[in-house]
Every structure is written in C-alpha cells, then in structure tokens.
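These protein sequence lines map, in sequence, to chains Z and G. In this text, residue positions in the first sequence follow this note's numbering: the first is 1, and each later residue adds one. In this text, residue positions in the second sequence follow this note's numbering: the first is 1, and each later residue adds one.
Just so you know, the hints here were simulated from the structure itself, not pulled from any lab data. We put the beta carbon where it would ideally sit given N, CA and C, even for glycine. Honestly, I wouldn't trust all of these hints.
Computed footprint of chain Z on chain G; a stretch qualifies when at least three of its residues, placed anywhere within it, have a C-beta under 8 Å from a C-beta of chain Z [what the hints assert, rightly or not]:
no., region
1, 12-21
2, 103-113
3, 244-256
FRET-style restraints, in silico, Cβ to Cβ [unchecked claim]:
no., chain 1, residue 1, chain 2, residue 2, range
4, G, 197, Z, 691, 58 to 66 Å
5, Z, 33, G, 252, 26 to 34 Å
6, G, 341, Z, 185, 45 to 53 Å
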Amino acid sequence: MKVLLSWLREFAPIEGDPHELADHMSDLGMAVEATQILNSLDGVVVARVADLRPHPKADRIQLVDVEIDNGEPMQVCCGAFNMSVGDLIPFATIGTVMPDGMEIAQRKMRGEMSNGMCCSAAELGLGADHDGIMILPDNLETGAPLMQELGLVGDVLWDLEINPNRPDAMSIAGVARDLAARLNVPFQIPERSVTPTGSDQGLASIEIADGDLCPRFTGRVLTGVSVGESPLWMQMRLTLLGMRPINSVVDVSNYVMLELGTPNHTYDLSLLPNGHIGVRRATAGEKITTLDDQERTLQSNDGVIVNEADEPIGIAGVMGGASTEISDSTNSVLLELACWEPESIARTSQRLGLRSEASARFERGTDWQISVTAVERFCDLLNEITPGGIEVVGEVLDVAGTTRDTISVPVRTSRVSMLLGREFSSEEIRDLLTPIGFGVEPTDDGDAQLVTIPSFRPDTETETDVAEEIARHYGYGRLGTTVPRSPDAGRLSPEQKLRRVIRQIMTGAGLIEAMPNPFLAPGDINRAGLVVEEPVRLLNPLAVEESVLRPSLLPGLLAAVSYNYSHRNTGVELFETGAVFEVSDDSSALPVESEHLGALISDADAFAATSLLKALGSALKLKFDLTNTDGLPGLHPTRGARINLGDTEVGSVGEIDPAVLRNYEIEDRCAWLSIRLDLVIEAAISAQGTPYQPVSTFPSSDVDLAFVVAEEVQASAIETTLRDAAGEELQSLRLFDVFRSEQLDEGARSLAFSLRLQANDKTMTDEEVGTVRQRCIEAVESTHQATLRA
Amino acid sequence: MSVYEQIAEAQAAAISEIEKTSDLESLKAVEPMLFGKKSTLGGLKRLMAEVDAEERATVGQALNQAQEAVREAHASARDTFESASRRVQLEAERLDLTESLQAPARGHLHLVTQTMERLEDVFVGMGFTVSEGPQAETDWYNFEALNLPAAHPARSMFDTLYLDLGERTEIGDGEGGEATNILLRTHTSPVQVRVMESAAPPIYTVCPGRVFRRDTADASHMPVFHQIEGLVVDRGISLSDLAGTLNEFTAAYFGGAISSRLRPSYFPFTEPSAEFDITCVICEGAGCQTCQRTGWIELGGCGMVHPNVLANCGVDSEEWTGFAFGFGIDRLALMRYGIKDLRDMYTNDVRFLKQF
Ligand SMILES: [Zn+2]
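So here's chain Z without its partners, still in its complex pose (with noise of 0.2 Å):
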C-alpha cells in the first residue's frame, strides 16, 4: 500500500521529517520499504509535441520536435512511440539531473541530434509506467517546470508492507487514523454529502439472497454522469498510488477505494432490467462474462450479483460483468458499495487468478460500518469532477446480510501489564485505545474496561488482541527488555551429545559432511542398487526428479561422490548422518523416520569402512560384530558385511556394487557404512555406564599364534573362540597378519593374532602363560578345523 503525506494530510495534521514518519509507521507495523520525497525536478518541464517522424537510419527510434515556451521546437530523439502531435509530454531538458541520477546531455543517435528527453512516470518517480511517455492533461501551462504544474513538489510517496491482519491500514484513512495517533494529533474523516434530488423510487432494487456471502450491500442512483476524464490531482494521485487513470467514474472509483479501503463496483443503469439486483451464491457450471471480455466458468461457493432474471452480471467482489458495463454514452449509474465474505473472495480470487486492489481488500474484511461515508465520498468526487455536476437521486439505499455483531471485550489492565512485561494504568490505556477508534469504559470491576471494537478491525476479538494494540500503539521498542531465566539447567540430551561425538569421529577421521537433497527420482533408489517395494512419495511435488523421500542415504551420498567425480574431485570421503523414511505398517501411524549415519569413501576398499566402524566401536565403548554376508542391497556381492550389536542388526559394512559404481559413473571402488544412528546412540548410553577396571601393576606376556583356517571362516569367529578360550586374564588381542600363499593349502589362509595375558593379582608363571596358550590352540583347532602354524 502506498500513501501520499498530502492525502494522509486531509485527515489529520501529519507533519514532521518524512523519515521520522517511516519509522513511525514502521514502528505501528506498517513496515515502510520505501520513503520517496517528490523534489522539483529541475529541467523538467511541459512540452508540446510539435511533430513526429521517423529516424532515417534507426527503425526503433523516432524523431521528436517539443515546444516550449513558445519558442523554435527542438528536436529530440525518443525510443516510444505512444505519444501524438499536439499532446502534452514531460520534457527533462539539458543539464537536468534524473531521480536516478543520469544527467541529460546533448547528444546524436544514429547522426541526428537529441536536445533533451522526454520521459516516462517511471522515469520521473510518478509511478510503475515504463511503457511509454507520460501523455499529460491539456489543461497544463507549455514549458512550465512540471512538478510544480503538477502540485506535488515537497509532498512524500512511502510504499508500506501492510500485514493481512489490518484491512484497516489499506486506506489512506486507515494509516493517517494510526499515525495521528503515534503523533497525538486529531484525526477526522470529512463530512461530505450531496444533496439529494427528487426520489428513487423504483429506479433500483437490491436484494440479498445469502446474508452471509454478503453482509451489507450500499448502493444509489446517480443519474446526469459523462464519463470523461479526471482531474490531474486525481490523476497524479491515483498514478502514484500505482493506479492506472482510465476515466472520470472509474478513477473516482478507484480514489474512493484507495482513500477509504472500500472497493465499489458501477453499472449503467440503462442495462440493469428494473434496476434490479440480487446477490446470491453460483450454481456449479454457470457463466459470464466479465470486463475483461473472458468468460468465466463459475463454482458453487462464489458469490454473484444477478439482475432481475437472475442472470449473473458480475462475481462478487471480484470482477463485474460486460452486460452493464458503464461506456461513453452512460447517463445514470447504479454504484455498489458492498462487503463480502472474506474467504469467499480468496477462493475466487485465487482461482479465478483475478487478484486485484479490491479483492486484496475484501479477502482482509473491509469496514461494513463506512459504507455510506463511502457512498457519500463518491457521490461528492464525481459532482466535482463532473462538468455540470452530477444527479444524485433519492436516498441510500442500504441492504443489511449478516452482519457482524459489534464486539465489546473486559480488557484487565493487570492483564496486560503482566502480558506487555510494563505496568500500564487503566487512564493510559484508554488514551492509547481510543485515538485508533475503540471504544473504552470502566466497568463494576475496578481491573477490567470494556473495550469496544471498531468494525474496521475485524482481526480484533479478545483480550490478548487488544493487548497487542496497546503494545503497538505504546511502542513495541519503549517496553522493557527482562530475561526469564530456566529454573533448570540448559544442556544437550545424552543422544544429542552423542551424536555430536559420532560426526566428530567422522571429521576426525578426515570425512567431509555432505548435505544430499533428502526427495529422489522414483528410479534413484534401484540405480543405488537397492530394493524398496513402497517408498514414501510426495502428493505434489515440484518435480519428478524429486517426488519419493529417500528410504537410504545411499542414492544422496553416491550422487554426491558422482557429482565430485564429474568435476575431478576423486577420492571424496563423505558422510551424512538424518532421517530416513519407510510407510509404516501401521495403517495409522505416520511414515517410519529412523536416523542414519551414511559414509562414502571413494578410491578405498571395504576396510576403510570397517575401520571407521572401529573407530566408532572403540569411542562408543561397542562391539559391532560383522557378518560376511553376500548381496547385501547396494552392497558388492561378495565385499560386504551386517553389522550387529548383540542380537540387534543396525547397519551394513563394505563396497559399493561394481555395477551400482557403474550406474552413477565412478571410476574407483568405494567403501560405504550405513549403520542406525538411532539405535547405536541408545546402546552407547547403555555402555556408558560401564565401569573402569583397575591397570595391573603385574608383568604381563605376550603370546602370539598364526593358524591356518579355511576361507570360509570368519576371522572375527576365531577371535570370539580365542576370547572366550583365554579367559580373564586376556588384557588385549589383535589380529596382526593375514598371509595367503600357495605354500597353504587350498582355500585357506593364515591369521596371526597377538595376544597380551597379564594377571590383576600376581605374576603369571611361564606354565600358567603356557596353559593358556594351550587352552588357545586347541579351542581354535577343535571349533575351526584349523591348524597352528609352525
């Protein structure tokens, strides 16, 4: 919404530094995102276009001679094409400085000469006209400087953000009401009426069908109307305001909205059977044609008006029809001033795509209680503008739906004062309230005031709503800044801890964090190489591309070390830990999010992988066991592992399937670790607990043994049958050496692992160290057909 300091200056006394203003209204939360201050434009003067003819060498420019003063025309260049002779033109002539700071000089374009410019409202700041130059009204003085001839040097544009809960603020009344407020100056919408002639009797009829559609509908007679054009004032008003000026009733129209919030629809009365309209709801299916000459298919819940046939000759609040559209040869007008139901107007606005200053205006709610100040307003506008005046026939006639009731709310200064965080008095509270027109009076209870709500503030019902209009008006900014503090301490959760240390043993490990997009192609998830029958998808989404939530990390991380492939960045290691998605078999439950931890290391076999899964094990105090286990989804079919901790599956460990590496065109063999982050960080804070065992202070012994065991066996199983063999006094074991040679037999291999005995209590004996030795050899030659190498 933009507002003119002059127009907010014919309701209240407005005066100061127009960026103070901004901050003012800023401040009232109406967010000021431009102040412009319309300064004289020197230079820029009224001329008038002598002649046009084309450039003899440039096809998109014309030549142009302008008047001044009366003087010899002056030849100009001009790149428009909108303007014909005898029209008047702003002209910035040389030397002049444009608002956007480019200094019109004299120059040739193509070898003609160009002795100034003639300028577009765009040009000069008077608006968003880019399209052509600004043809001017006849009635201006040739040659003179064009602001003031205008009337508009030192008045002030600001372009505010209004929120959708202040249908009251898309008026210029409505901002001069809250900012006389701030500035403690009086604020007064002017009586102005015209005075009847004759009766209406029988020239119009306005019946309401549905009370709710439309709660009130104002309308009157105006008969004597030629339409023809508005008056510069009004016409450089309604350009400022960003209004296109198209002729004398539909700019009245226009100005009386933008002054009043109130949008008001005319139609030639001439074409309105008996004068009569109705209102009513669409049948599904039904058709009109609207002003702008398309048709329109309508649906149920959009309101119409109907002439007496019932025929539809507009949709309510939102276009009027072509049937009774006002032209050159309207005498008499019926003119509406209508309120309507908000949603209703959203919903055809918005499908219709016919969103508009009027339908801005009504999808807010506007004021019910001005219509006839409005109706009023336009009769006046129209007199004035109207050579010879105009006829205003009969009274107002005035149609109610279902009107709103008029809200009174106790409003508790208590309340407030601890709700605002400062202690307000009943007395400053009522003088906040009532220069934005609420109503206020004490009631029995000495706490409480009733507050009255004005009908121009629909948003506006309890106690806590009245609350934020004091804080706005008392200013959000002079209320004071206190701390609450917890009565608990602030902390981290144990999870949330943990998952910290698990991203930190990844970058310690030397991985980057990668961000993959979390939606897939639908084809992703078996280019991954992975198998899910029922993937979550999207209802709407944007793209196929990205129409299924992932069920893996996988797709994500291996698009990501193909994406740094295809730019040479190989040898990417990458992680990524959040949630996964799966439908839940429970029909009446949200999708399964489970969170994962994913790695991706590039140019690396299957240890890297089990190496960092050490890694994690030895900081999270776990014991994932490993399972070689062939054709793991994703996985290389002979290359991978299920992690387990104890009897709970929460991952998988290995390589990439060669043909997966294929699919998103990596060249190296990748290492890849997905493990449930969710359950690994549970039985973490299990292990936490676990307690600390006392450093023996004995000597200890090494012992270490190779066995040759077949292939089939998993070192990891040997290792359990040394553990539980070795007993208590078993402080370490490591596997050292892994050795294949033809020497061995065939499908075998040798596994040599190193194991330190030491005792708590005492120093173990070479015959104890040798029992245990003993103990070794025969537990893992008798469980796993090996052999002790010699």
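We have chain Z already, so just place chain G with the ligand on it with the hints.
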C-alpha cells in the same frame, strides 16, 4: 731415570697416543694403552713397592696427577670426536620441511551443522534444552494446533508438500479423531506443540531442524532448508521477556555490537506478533546496500504464544503465558561467510565443503 721421570715419560707417551687418534674409533683402540693395569702408567704402579715408605705418598700423588692428565686429554679428545660425529650425523639427516607431501585428512562438518551447533550452544548457555521431532507430520501438528484451521487464509503463506501414502494419506489423529493430511513440516513449530503436549511448563527449549516448502530452488530459496525456533512457557512471561531474550541471544551469537528490535507483525500462532530485526552485521547499523540503508536486517518472526495454541496443547493460558520465535539457519550460514547463493551449500562439492 728417576721414578718421576718415568712417570712423566709414560704420561707424555699416553698423551701422544691420544693426539694421534682422529676419531672415536681410533680413540677407543688406544684406550688399553692409557688406562688399566696393562697401560704404561698402570704398570708404573708397581714402582710404589720399590720406593721408600716416606716417598711413597709423593710418588703416588705424581702417578695420580699423571693419570688425571691422561684422563683429561682423553675426555677432551672424546668430546671433540663426539661432537664432530654428531655434526656429521645431523648433517646427514637434514630435512627440507617444505617437502612434505600430504597432510593427514581433516574432515569438515557441513556449514549448516556448524551453524546449528553454534546456535544450540548459545541457547544451552542461556538455559534452554534442545527438542526434536518428526519431519513428516500431521496437519494437526503443523497447522491446526497452531491456530491455522483448514480454511485459514494464512495457510497460503506456506507452500506445503503433502505425502501420498495411498489409502493412508489421511491419518486419523486430528481433533476428535478426524482424518488429517500427512505433510512435510513447513516449520519446526510442530515440535513446540509436541513439547507442550508432553511436558508441563516451565518450558525453555529450542527446536532446530529441517523443514520443507514447495519452493523452486533459487539463490535465496530451497525446498529443503533449516530453522531454529524457541519456546518459553512459564508463569508471568511477557513481551518484554521476549525482547530481552532475543537481545541476549543476539549479543551472544553476533557479538556485542549487534542488537535486536521488535516490530509489530502478524502470525496466526502468536498474539502480539512481531518481526525481529538485528543490527545490520555488514555495516553495524551505519546503513549499507545489504540493509537498504536502514541499518537493520530482518531475522525472523516471534510473538507471545496465541492463547488458542496454548489451549490446543492443553496449557491453561490464564496460568501460563509464553513466547516463541523462529528464524532460518541457512541464511545465518550464508551471512557469516558472505555466500551469495544458497544452492552452493547443497551441491556437496568438496571444494566448497572443505572451506569451513
Ligand atoms: Zn547495513
């Protein structure tokens, strides 16, 4: 030759042997000739038996002095040879330290994670806990409980992504067991609702996390981004408490030169509502292009929790009041490093990720 002459001669001979050596090895080789019973001086010990008792002490002293002289000469030679040999060895070990081939790989947390952790740490320091919740949510938690019933016009402020769960697309956990749509949360506010439902006040918590909007990716929008929201519910919580808390956060996170202010605004879930601005971090309030010469930049929205929201979460709004605030994490990350395009954070190019 007198005893003393013999001693002097033996001393001279020993020292001469030492002087002939050139390194530790040759010095070692002559050691038997210098010390011990088999050395010349050692051999002279037998003279002690041949001299008179009264002269024995003098001869002994002479012998000791001679031996001491030899020891000193030896030690001095050894020191010389040792330091020479050390010099040779050290020279042989000389390194050009700029020849190092590779640094141990250092990993990097994603910029968003770093920013999120930094924010969490500030709020934990201020006495807050950190709450989390699901990303796929019901319409109730994301909208209705937050005073945004189905027909509310402000719903259009959120371009929502809905899930297609076949026959389960509507799941019955709306008010009164009605079916509600399943969607990807458009803000982390549903976590606030879940916190209020599950724990009695006082509540001091922040809800960071991933949120979703049906937005086409461009320099300042992503369909997937991150937010942090804060919620305080306690007795007597006021708008001034909100202003003070945001001030404290702003100073703690951005530094003392940056402060915050509140401007009236509108959100369905708060009343009164406010935008919260911070001093422009580029110009520190002087006015620049980034802040459109206002000295302020808009950071997020906030307000007093709407009584309807408290009621929806089973909190008595007469006894308890609260405030909530929220802002984007991604934008803070961009601001800190002057990154121009939000999409750069999500291409996962290691050349980008390694910079943080
Ligand atoms: Zn700035």
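Okay, the hints, checked on the actual structure:
1. 12-21: This one is violated; 0 residues, fewer than the three required, reach chain Z with a Cβ under 8 Å.
2. 103-113: This one holds; 9 residues, not fewer than the three required, reach chain Z with a Cβ under 8 Å.
3. 244-256: Since 4 is at least three, the answer is holds.
4. 197/G - 691/Z: 58 to 66 Å: Violated, at about 38 Å.
5. 33/Z - 252/G: 26 to 34 Å: 30 Å, holds
6. 341/G - 185/Z: 45 to 53 Å: 48 Å, holds
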